[in-house]
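Chemist: The primary structure of each chain is shown beneath.
Protein chains: 2
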Amino acid sequence: MHILILGAAGMVGRKLTDRLLADGRLGSRDITRMTLQDVVAPARPPHASIAMSTVTSDLAEPGQAAALVAHRPEVIFHLAAIVSGEAEADFDKGYRINLDGTRHLIDAIRAEGDDYHPRLVFTSSIAVFGVPFPEKIGDEFLSAPLTSYGTQKAICELLIADYTRKGFFDGVGIRLPTICVRPGKPNKAASGFFSNIIREPLAGQEAVLPVGDDVMHWHASPRSAVGFLIHAATMDTAAIGPRRSLSMPGLAATVGEQIAALQRVAGKGVVARIKREPDPTIIGIVSGWPRNFATDRALKLGFTTAEQSFDDIIRIHIEDELGGTFAR
Amino acid sequence: MHILILGAAGMVGRKLTDRLLADGRLGSRDITRMTLQDVVAPARPPHASIAMSTVTSDLAEPGQAAALVAHRPEVIFHLAAIVSGEAEADFDKGYRINLDGTRHLIDAIRAEGDDYHPRLVFTSSIAVFGVPFPEKIGDEFLSAPLTSYGTQKAICELLIADYTRKGFFDGVGIRLPTICVRPGKPNKAASGFFSNIIREPLAGQEAVLPVGDDVMHWHASPRSAVGFLIHAATMDTAAIGPRRSLSMPGLAATVGEQIAALQRVAGKGVVARIKREPDPTIIGIVSGWPRNFATDRALKLGFTTAEQSFDDIIRIHIEDELGGTFAR
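The listed protein sequences derive, respectively, from chains F and W. Under full-length UniProt numbering, the first sequence has 112 at position 112, and the numbering climbs by one with no breaks. Under full-length UniProt numbering, the second sequence has 217 at position 217, and the numbering climbs by one with no breaks.
Hints in this document: simulated from the structure, not taken from any laboratory. Nothing false has been slipped in among the hints.
Pulled a few chain W residues facing chain F out of the computed Cβ check, cut under 8 angstroms: (1) S143; (2) A144; (3) K166; (4) R243.
In this text, a Cβ means the ideal position worked out from N, Cα and C, and glycines have one as well.
I would like the entire structure built from these sequences, with the hints used as guidance.
Modeler: Written out as structure tokens, the structure reads:
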């Protein structure tokens, strides 16, 4: 089986690649070939036991999606996107990559003809939802995004449902929770602090908390995100029905619950590295974000998280990123 | 004030043109110029007291939208679309006109620059909703279309909300109920019978009823549809908020209630011209259509129908289309 990963150089793409290489198979089938694509050169995993190709290209350029699809991968993971902040700052770039790039891809798949019907797994986002919303957002709540990024994701969800309905491919969209703990360096994303306040103290560094302890948000570990992608690629899609995009399960936790979990897992000394510096701008942005979901459809369709509690999310970070240890 | 009507040759476009000409003003401002565009030549109304231009063009062709927008109409009514059945039969044509045509239009408005900020009234459709849905579809119910036409309309709603949020224009999308009584000849649309069973008997002709009396549907008269368009063009949009598309008020009536109303308004002899010929295909199609709505937001924002009952819908048809009389 040939697997194509678009946006393979990103954090989720790298973790998905590692998992697929470790498994050697996807569902019941051996992986015989993988193609890793991104707009920056994807790293070629060392000692890969599977035939690997890397492609550096821009999906929004004419012909680039068609060139990738011409090899007829049986499964395509479409993770490529301009992130929320950049899509908001550069309107044209966001639409060009996040909307037109996806259209090039799905039209290229369609153009391959009736004998080609790959599984397409698309990473959508909870940014398709905008305030006001209920305390828990259910499966029948409208997509009313308040960013261009969320708009582009919501449009792609509609396109993937329609193209799937017409039989051009077998599409599944998954709306990922905020990934926590996100590995790497602190970044300037407004959501960065949810991970920063766990990752940095565990690494012996101070972290800034710009919001109050009562802020609730919707989290899943990187391990869960990869699990969702694998399940979306292997599940029996006959059970989904025509609504092809699903809010993924996650864990609703307040910042206070995050910190209490950190104290249970790592101790008071680690928690003391969190510095409270309220930032009205970030408080304002975060107040418009979804806090909690009722993901009945995804649960019924077999999507499961790797964690039962925020303590688990922290333990997964220590296991997967820190080799089982941390800075006490 | 200069008004541009896209899709002016259609039934709603012609009725809107007639109403604007009769009023001579839109809201508090005199109409000084009207441009009627369609892919087939729009009829030039005789004896028009307002400067009129007609344009025959295809919005999906590069440059055509820009040429229309270059005259900087203050209000643009965007009624142009490939209808549901054709968009389903010709996938490429539907996306080209209904999605790409609209994108050309909104990008052309944006390209005019910061000093141009027209009101854009977009006719969406209740086809953005797909089964399963509640008995009454409310304002927070998801768009999950089951046709390419509904998908294209739902995508345009998202685009118009995002472009409005970014300040490129002042957009309002209105989801029209099924227009009843639709004037003209019987057509092959699956929804045609809702109008046929009223219009044809009133004209002395037989009409075929392919579904059972218990089928409920969501109706508004052509007069109401024009009223919604005028209100969308003149209302204070500050009250709408970021969710720029609204399900319009209408009247939920079963076929049995339609027929009872026809008997009250026109008598038993007219009703006797309805022939019951159940058609399993049409029964199947219609079973997936919305039946009833809770249009709280639209009502609160001042959208009102011209009718209180299905009797009124029939009377409006007799007044507006039949000169006050019918075939007894």
